[in-house]
Structures are given as C-alpha cells and as structure tokens.
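Based on the hints, put chain W in the right spot on chain E.
If you read the protein sequences in the order shown, they are chains E and W.
Under my numbering, think of the first position of the first sequence as 1, with each following residue one higher.
Under my numbering, think of the first position of the second sequence as 1046, with each following residue one higher.
Everything labelled a hint here was simulated from the structure, so no lab data went into it.
Among the clues, some could well be false.
[Stated by the list, open to error] Below, in silico cross-link-like pairs of lysine-lysine (DSSO-like), each with a Cα-Cα straight-line distance of 30 Å or less:
(1) E:Lys73 <-> W:Lys1331
(2) E:Lys110 <-> W:Lys1372
(3) W:Lys1453 <-> E:Lys954
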Amino acid sequence: MSQKQYWKGLEELEQTPEHQQIIENEFQNDLPVLGLSDKLLDATTPRRDFLKFLGFSTLAATVAASCEMPVRKAIPYAIRPDAELLTPSVPNYYASTFVDNGESVSVIVKTRDGRPIMIEPNTLSTVTKGGINARVIAATLSLYDKARLRQPYVSGKSVDTFEKVDTPIAQALSSGGAHYLVTGSIVSPTTKDVINRFLAKYPGAKHIQYDPVSYSGMLLANEMSYGKRALPGYHFDKVQTVFSIGADFLGSWLSAVEYSAAFTTTRKVLGKDAKNAVMSKHYQVEGMMSLTGANADERATCKPSEYGKVAAALYRAITGGAAVSTGSANVDKLVKAAAADLKKGNGLVVCGSNDVNVQVIVNAINSAIGANGTTIDWSATTNAKQGIDGDMVSFVNALDAGQVGTVLFHGVNPAYDYFDSEKFKKALPKAKASVSFNDRMDETTQLCTYAVPDHHWLESWGDAEPRVGYYSFIQPTIAPLFKTRAFQDSLLKWSGASEAYHDIYNQFWVSKLGGQANFDKALQDGVAEPATPAIGGASFSGNVEDAIAKASAKKGGKYEVIVYESLGLGYGGAWSNNPWLQEMPDPVTKATWDNFVCMSPKTAKEQFDAELTGINQVVREKRIVKVKVGNKEVALPIVVVPGMHNDVIAVAVGYGRDIKVGRASVNGKNTYPLVTFNGQTFDYANEAAIEKTSDLYPIAITQTHHSYEDRPILREYTLASFKENPRELIEERKKELEHYTHLHWEGHHPEDPNGDLDEKAFEKNGTMYPVHEKPGIKWGMSIDLNTCTGCAACVVACQAENNISVVGKHEVLKSQEMSWLRIDRYFSGNPADPDSIQAVFQPVMCQHCDNAPCENVCPVSATNHSSEGLNQMAYNRCIGTKYCANNCPYKVRRFNWFDFNGADSFADNLYEDGQRDDINDDLTRMVLNPDVTVRSRGVMEKCSFCVQRLQDAKLVAKKEGHPMKDGAAKTACQVACASNCITFGNVNDKESEIYKVRYEDNKERVFYMLEQLHVLPNVNYLSKIRNTNAIVAGGETDEMYKQHI
Amino acid sequence: MSLYFRSKSFFRQVTFCALALIFTLISVGSASAQDGKALFQANCASCHNPIKDATGPALKGVDKRVPSKDWLHNWVHGSAKVIASGDKYANDLYNKWNKTAMTAFPNLTTQEIDAIVTYVNSVPDKKPETTPTGGGGGGEEKDNTWLYTIITLGLALLIFILTRVNKTLNKVANDKQGLPTKNETPLFRSKVTIAIVSIILMCLAGYWIVNGAVNTGRQQNYMPKQPIFYSHKVHAGVNQINCLYCHAGAEKSRQAMIPSTNVCMNCHKQISEYTGEEKLVTYEGKEVNGTEEIHKLYKAAGWDAEKKQYIRDAAGNIKATPIEWIKIHNLPDHVYFNHSQHVAVGKVQCQSCHGAIQEMDEVHQASDLSMGWCINCHRQTAVQFKENDYYSIFQKYHDEIKSGKREKVTEAELGGTECQKCHY
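Chain E extracted, bound-state conformation (with noise of 0.2 Å):
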C-alpha cells in the first residue's frame, strides 16, 4: 500500500509554489534581524572600532565576573512532617479522581514537594482502565490558574471573610421565594446527599442539573425504549462491529475516555498470528469530520438531518424491511454492508444527535441486533449526563418571569454556554439573589450578587460514581491555595447543618464500605468496584415506526453547521484558559488557538471564493464568513478539512470568552447562540446561511510544519491483505535495505527468502561510521499506528513532564511551536469527495537514531550519542547554530527564540499577543516538574525519552539491588496513551516487551521512518491495518486519483 498517497494538508497534495518556497526555507518568517536594520549589516567596522569594542567586551567580562556571588539561603521546614508523608524531592502519589461537570476520570496525581505537577491514569479503574484525556492531564495547569477567584465576591467587590457572605445568602434564603440550585451532572453520591439536605431545608427549592453539551435525547429517548431515564454503560471493548450516526466516542461523546480506552482493546492486531487476526470493524457515517471518523474502517457522509434517515434504512436493513435510501449512495452502501456485520452479533450502534425520535431508532436497532446485555449495560448505567434541556428552559422562563428567589449556580455558566444567553443575561438580575461557586469571573459570576468560590478538584475532598456502583474517590493533594470553601460546606453552612462535608463524606462511605479500614484502602486505591460485575440487558418498547416517521419527516436545509467540542476545550468552562490545551493542535485540523468554520474544500473554493492554493492553505489569513442560524449570527474564518460533508460546516464551542476568564480565552467567537431549542431538547445541528464578507483573520494552523517534503514514511495494509501476506513490509523492507547488509567485495550470499532482515548487518556495513556497543541498557520505543487514534494525550502529558514553554499563537503562525512531540495527521483520497478521505494518526518524537545527523553537525557537540542509546541534548552547551535542526530528517528538534518562562523577570516584557502572559507568574510557575531544566532562549530543545524518569527508574534498581524490571521506566506519553499504542523498555533485555514486539510478536509490522537512510532510529512504528477492503486513493495507478488531482 506504499504507493498510496498521503497529504497533510491540500497545499502539500497540491504542491504550490507558494508551499515549496515554504517548505525550503529554514524559517518560515523573514528573521527578526535581517529586517531590524540593513545599516547595522552594511556598516563597515574600522580596526579602531573593533578594538574598542573588543576593549569594552573584555572589560564588562571582567567587571561582570568579579561581581559578587548572590547569597542563596536554605531553609529547612520548621517542623518536618512526618518522614513517612514527605521526604523533600521525593515524589509523592495519591489516588484522586478528575471530575467536571459529570465527567470523571480515575487518575494518580504525583506530588513533589506538596504540589501537584502531574496527572497519570489510575489503572485500578476498571471503568477507565488505564485511560485519560489532553484535559484531565492539563487540569494542574488550571489549578495554578492566575484567573482562579482567590476570595469571596460581594457585588464584584472582594470580601475578606466567608461570614460576610453568609450572612446575607442565608438571609435571602430564609427570606422565602422558590430557589434554585442549579449545578453541571453531579456524580457524586455523598454531594447528591448534601443537596438533598439542603432542598430539605428550603422546601420549594429545585435542584436543576444542566449540561452545555447535552444528552437529554437520550435520556428522553431511554425512558421512552426502556422506561429509564438514564444512559446505559457501553462495553466498546466488546464489540465486533460498531456502527457510529455521528457520535464522536473516541473524542468528545459522553464518556469518551472510557469507551477510547476499551475499544482500542479490539484494534490490536498480532503479527505473529495474522492468519488468525481479528478485529473489530468500526463504521462512520457524520457530517463533520470527527476525530472518530477519522479513525473509522468505513466512512461516508451525510448532513446531521438525515441522521434519523440513516438510522432507519440502518433499522429496516436489519430486520429485513423494505431497503430504505438515504439519498447517498455511498451511505446507503455502508448501511447494507453495517447491517449484516451488526447481526453476526457484538455489534453496537451509537448515535451523537439530540434528537428522541433518532436515539428511540437506535435503540430499536440495538435492541434488534441484541446489544443490550452484550455490548450494552442496563444495571450498571452511566451518570455523566443527566440534565434535561426542559428543566433548564423552563428555569430560564421563571427567572424571566421574576419567580425566582435565590438562585445558586455551580459549575455552569449559562450566560456563555446557554443556547439564548441573551434571555438569561436579561432575566438573571429578576432573581431575588444570586450566588455562584465558580472558580472565576466568568460570564455568569459576572452577573451573580455573590461569588463563593469552590475548591479546585485537586484541593478537596469528594467523590464520583461515574458508573452505578462503581466509584472513584477525591482526595487533596494540595492545601486550597486561596481563601475558596468547598461547595458542599458552603451549602450545609447555609442549610444550619452543624457537620462539615468532610465528616459527612468519611461517615458516609465508613459505613458503606464496612469500616474505616475498607475506606482507606479504598482512597488509597481510589476506587472501590463490585467483585463480579455483570452486563445487565433490557427490553425494548418504544414506539420505532412513530419515531421513524417524525425523524425522516426532520427538514434540512441548503447548509447546515454542526456545533461540536473540540478535543482541546470541551464545553469550554475553565478549559478556555488553559494555554496547553489552547495551544494543543486540534487531531483532525491542526489548528491552535482559536475557533473557525470547518468547511469542505469543494464548497470552499467553489462557494466562498477560499482558493485553495491562496486564502485557506498557504497564506495564514483566512477568509471570515457569517454563520446565521434563525436571527442569531456569528462570524468565523474558513479552515478547509477535507472530509467534510459538501454542505456541512462545523464550529467548535469554548472559544470567545471573556477576558476576566482569563487572557488565553479570548480568541474565536462564542458558537452557543447557534444551538436551537426544539421544543424538547437542544439542538447541536442547525440548517445555517452562510454570508461571505470579505475580512480575513489568521489561524496559527501547525499541519505543514516540520514536512518531510513527501518522503514517504507511513505503512498503512487492509486486514484481508494482511492476512494474506503478513510478510509484505518484512519482504518490502528486505527489497530496499537488503543490499547494504553486506560489503560488496565480501560477495553476497543469498538470505533464506523466508528470513527477517538482519538488522544487525544493516547496521554494521550500511555506514562507514563504526558501530558503537550499547553493553547495559539499550532504550527503545514502538509506537502501534493501529491503535493510536491521534486523541492529543501524549502531546499534552509530553509538555506537562517536561516543562515545554506555551508559546502563544503568534509564535505558532512562524511555526514556531515547541511540542517535543508533536502528532501527524495524514489524508488520502480525493478531497472533493467526503466518503474517500481515509485518515492516519502517527505520533512524532525525536528518534534517538544510533547514526543521529544531527550530531555530527553540532560544531560544540551539544548534542551527542549516549551508551544506552539516546540522542542526549545538553543545553547549557548548546550555542544555537540550529544546524542539528536543519539535518533532522524528522524535523523533531525545536529552538527556544524568547525565554519564554521567565519572561517577567524584567518588566514591560511580554509578548506581543498577550495570551500566554498570565502563565509568566509565581503561581503558574509551580506547575513545572523540578527535576527537568526550565530552557532558555537561545538553545535547541527535543524529545529526551523522559530521561528524568529513566534515570529515576535506574536508580530505584539500583538501591533496591537488582536488573531494572521491565516496565519500571515509562515515558510520559507512554503512560497517557488511553490506547496503550507506546511500548517502550530495554531492547537489550530479551524478557522485555519492546524486544518482543519488535523481534518476535510483531516483526511482521515493524517499520522505522525514512530506514533507507541508515539513520538507525531507536524509535519504530507498527504499520497501520484498516478493516475495509475499499482502498479509496491508490497511486497514480488509481483511478479516482486520475480523475480528480
């Protein structure tokens, strides 16, 4: 499949000049200095000058190191806290759990020194197992965030003490009038109690739960089907078959951690029993391209008011109705094709859209194909979502009509998020009083008489039960850093209760879990999970032919725009002031910093004037147009995705806040007001009029940077052809690396045509370097194409590990970003039509190559090769030439042109953008890892294969007087990958699993990139195998390709 062809982005498919010119310079932006001033560089320099300067230099040298050292101090604790609690520099482990909004993740976050500075999975989990998003691991950075509220609020003025805003909520609670509290999901069963307490206290108050991006079709839909109004659990991870109408459940839908972690299960594929191989098949059919589509087998696509169309003809195909069309062709195809691998069985069908009468078809189609109690648990049912989109609207009509008392609001923030924040913003001042528990001003708080700030999850007490009976325990890991009260104290302070939360919380779960001693290990463990679980099914009774009938009777206009979560931002809430996730490259379009209108390339050029090779790809300036649903408008920039449906366009929420969110929030515009109300619930997929205007904005997209100028560097097989010859890549790579296996005057004895290629003598007699032994530890990573989905995690966890400087969007657009590791997103196919364009992840870190170019051209060697095979970068030697960088054939290396984290050390020294400023600060500064060194400018930075951990690995062993174990050391990518894609460990070690799954269970899928150039990678990858047979862009042999490019 070699001679498939694969692009990054059209101007690379394309090949314009405007992108050669860009891809062979060095610098995509003219240096600073070249057009600081041509004097300086024309100015001849007379002898005299010369040697007053050098006068002058030699003399402030001398001056400058006669200074007097500074005196540093070394301040012990007064009072030591117990040895067994902390042993300063030695890290510390607890097991918590991240919660927002109704999502909540397992998760071990390491102290060091009593600060939380990173978040790992916690495999106990068997809800999670072992899975995390870009979020959760970017939460430390939220927790050191410099728009935290730091103190209660009175009427936007701080207050010094909680009495004096006690004193007047329980006033205005006690002065009567129907109150509302009105909070995200709660999962929590022990804060579940205490609101209970406080509704007891206040008869007439309502507890409404309200979620930005709802579920409430399905709700509605399940009480309908099954008579209840919950979500039930998915077993992705034993499906056969999945079928997804635009449900995003790698990314962003429901509990996409979860069903991430557990499908990626059923994509492993062994070399070593190919014949033999099974895997799942995964069909898409959206209107956008999700990060799920992009990782599907089979993909096609339709506008979202024909998803209740799909679901039919999906519906009537499987219990052998008349054959229903969708109007598409290719979708039809794909549903023919779903329906008999759904009724082999294991087989699961999801749906992302809002809409009852489409989920009641789905859950006659699941029904049908006898999921539920397979793939689909009725017993334990999941909690993340349980708002219901009336309750909210009618809450929003009281308020308006002034029926509101006191109104409390936790975690939500409807006049950002809320489809007509207009009417709430209006209405919200009719409230007798109004307090909210967020962690910032934003919008809602803005407007609330009282703000009474929460902890931040990683400073309190708490728990989850993300799935029934299944729970997750919070416990701090950090003393509150501002004068906040826990959510729960302030409410049972209100409610006249005597206890505290804590006593509550720790009575609570004693007596649940028998005993103290049950309840500590539970916290240490961070769960507590039934002994047998067991997958409970459920019988359909829901109406299918009326809900047929409404959803196939569901208009749809010329255009219509979708409105999703982005990987990086989700809802938005305190995610739009994260500076790692704003700067986190979207999987699917690559873009930083902003929101935009994914646009097909066929409607871009054709409609709105968005010239391929102009406005949309090469040049950053990309055209604004006006997205109008109903009377509501927002006006965004065109970013080109190829996958698009022709008519669909997709805006991304969290975007456009305001600024006392935080400084990194501001960019984009806010797409909530797009989101319609249908009587029942929101509507995320609206008919739209789009409006060319002729204003241009700049998105810092990364797609092209770092190119390979076309080498190809990707393996990418059909299971059917895998299973035929598993040795194709072997007898591929053999083909091309064969001959340089041998001396050509030693004559060449011809290999067993069934044997492996000898990499060893590959090694030895493809250079005329010599070959230099690795005697102990030899490190080495694989990285399984297959099962990476390009989710972000790694990248996000990379730059959490090893304190990589934010460097805000006008950095990016000189493609100046600093990500070590950084994730390459391919396409092929024929980008005017949706249904071909397949998608390839592959996750990029520097190599570690045994014969590094980059080293022999360091004029200092900064950097250089270590013995057990790292690529070692020693910074304080580096001078900055970038030569290594330039010979990098991966382009892994990245230069450091500001001293970006001490950039306050003088003043009136920010950036000129403004948004990564806030995270030059004290505060913010308490999120780096202390055992990494804090670059500067000036000096190359790359990849390190988290040398800080394995150094600490070593040591351990060390002590403990033994060969490092297997395992011991693991990157920080490794351990966020959901999908466990990275192997990493001793290649020297032959119990080792990297040495397995290179050598022995896995060698039929082994490939390093760009091999032929004998740069001897330490890093290999395991070729991608898709479950089609459709090969949808070959080569110019194809015939698609030589019809359309």
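Same frame as chain E, but now just chain W:
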C-alpha cells in the same frame, strides 16, 4: 549579610589524612568493639554520649549500673514495657530523666546490644583525641615557599649587581686603555625584549582571563557566617553523631536535607548549654558562647527553656520558625545531582565531597564542585560492580573480570561521563 572567602588550602591534605585514618580504623580495629562503635553511632549517638550525660545518661559502665543484662536488653527493646511492668529501677530512671521515653530498638539483637556496651566501656574517660594528626602523612609539612622566594630574589639581585659591577669594571678598563666602549641598546629598548615580554604578558593575561571566566560562579572555600554558630566538629566530631541522623535525605532523596528544628530538639530538649572542653572560636578568632547559640535554636524552635516545653499557638501548633541557613554548596540549575545515588548506591563517604566536615566548626565548601572535579571522580571511582546485582546486565564487563582482563569497572565505563547523566 556579607560574604567572604577564607583560605583553607591545606584542607585537602587534612581530608585525605582523615579518610586514611577512618579507613585504617575500619580495617584494623577490634571486631566487636568496632561493630559496637558503628552501632552506637548509628543508633545511640544522637541521644547518648559514652562518658557524659546528654539527652540520655552517659552509657559507660551501664552494664554494671543496671539490675541485670536481661533487664538492659528488655529496656533497649522497649523501655515503655519495662516501665509499665512497675520495675522500680526503670521507674526511678524514667522520673530522673524528666519522663523522657527512650526510643525502642526492637531490631537490635542482644549480641548487638552487648557489642555496644563493650564499645562504650572501651571509651577512655578523657575526651577521645579526635583531631587526626599524622595519619599516613607523618606530620604536617612546613610551607617553605617564602624561604625559596627570598633566596631566589636575593640570588637574582646578586646576579644583577655582579653584572653591573662587571660592566662598569669593563668600561673603566676600556676607558683606561683608550678603547671605545660599544654603546649598547638598553635591554628595555630592545625590540626582541619588548616582543618577548609582550607575548609573555598576553599569554599570562589570556590564561588569567580564561581561568577567571571558567571559575566564574565557583565558590571553593566559601565559608559564610551562619545565623547560628552550629559546629559540625562538636556534633559529628566530638559527639560522633551519625551524619544521616540529621541529613536523613542523603540516603533516600536528591536532597541531603537540612534538619528542621524539631530534629535538633530531639537532643536539645535536654542539652541546654554548651559544656564542651574546647572553646568555640570563629574563623576571625572571636570566642563564641555555645550556650547562647543553643538558645538561638530555642527561639527558632519555639521552645521555652524555662518551662521546658514548646510554646504553642491557640490551635496547638508549635510556634516555630525555620532557620534561614546560608546555602554553601550551590550547583547550577541545569545540574541534576542526587545524594542517594552517591551515598546509598555508590557508597561514597560524605567527606569525599564535603571535606573533613567533622573537623569544621564553621563549614566551608571543600571542593570546587566544578564539572571537571565531578568527571574526574567518575573516571576514577569503581562502582559496586560485583556487590550490586543491578550491574549484572553488563555481561561484557563481568566476563572481563572473570578472565582477569580488568579489576574494576568505573562509573565512566558505565556511561557516567555522558551529558544526560547529570544534565536534563
């Protein structure tokens, strides 16, 4: 606070002498008493002194004081039990020492306790000589540099005078004979001389500048004045407290750790005055009142010396403030140094880097802590290759040792001089 450097160039010699002494003692000393000494230092020295009362009583002759040997064993294994049993001697002792409970040592075997007793009984009544003079070096060498300089200068002056005399005599002789005297260019105007001198000067200046630049930021012999005159000599030298008692992190963590005040107070609740025989004198020669220094500690630790109890705030927390020590050993931020790697794994003595710390009243930086100094040690020092099973993966070196090709494996041969062993 000002800082200043004080010359301590002879310290390196003293370090070696001290080390030599320590090694000699370890290898030659009597087995039982020696084990006892080690055990005593590791377990007992923080509270007991063999010959005088400290936090606990002087231990010399303890076996004769107590009711029986078994009693002593029980006491050490857990004094609380003995006291609880109503034993009269035990209760008297407990009350006499202000009801300070002795830490239990259930892990010490009876033989080990006996070895400790043997050791404490072997300590001479007079304070043991701790200053290791002599050792292997055979007395301090006198510094004769000045003498040589004076002799050289005298000789040079003599040569100069004699040359001048010779020249003058020649000239006089020539004048007498009517011969013309060659008018010599004076030495300082000769172009050759000027060239040679300027080249020499430039080389010297270059050497000086480069050396100065390389040494920028290094602080060998740095000896700042500390907020409390804490003498390592009194604690680690005279009273032989194990380094790890206070610097507990050295075996476990990257930081050796400076003890918090509550660690100091473990002993100083009892020891409220300095009664050492040696006077404490600062580098400048000013005498220091040790008792006053202990009271500075009390102030920081929040200890009321009169009432013999901690001063507490309303919430019951001890009102202690950390002591702001001046940091002496400073490594640049881009250097990763881990104490436990060296102490626990490498079995390196503290003195190897910190000098004869047990001799220092005021601590100074004994080594220059330069990269060259680190690398040198890594090149020369053999790792615990056979002892530590971690190194079993280096099959090649094991084979070479077996075949007699090599005797030891140095840190450098295991990659200990590679950049990313310390810089990441």
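Hints versus structure:
1. E:Lys73 <-> W:Lys1331: Roughly 24 Å between the alpha carbons, so the hint for Lys73 of chain E and Lys1331 of chain W holds.
2. E:Lys110 <-> W:Lys1372: 28 Å, holds
3. W:Lys1453 <-> E:Lys954: With a Cα-Cα distance of about 21 Å, the restraint between Lys1453 of chain W and Lys954 of chain E holds, given a limit of 30 Å.
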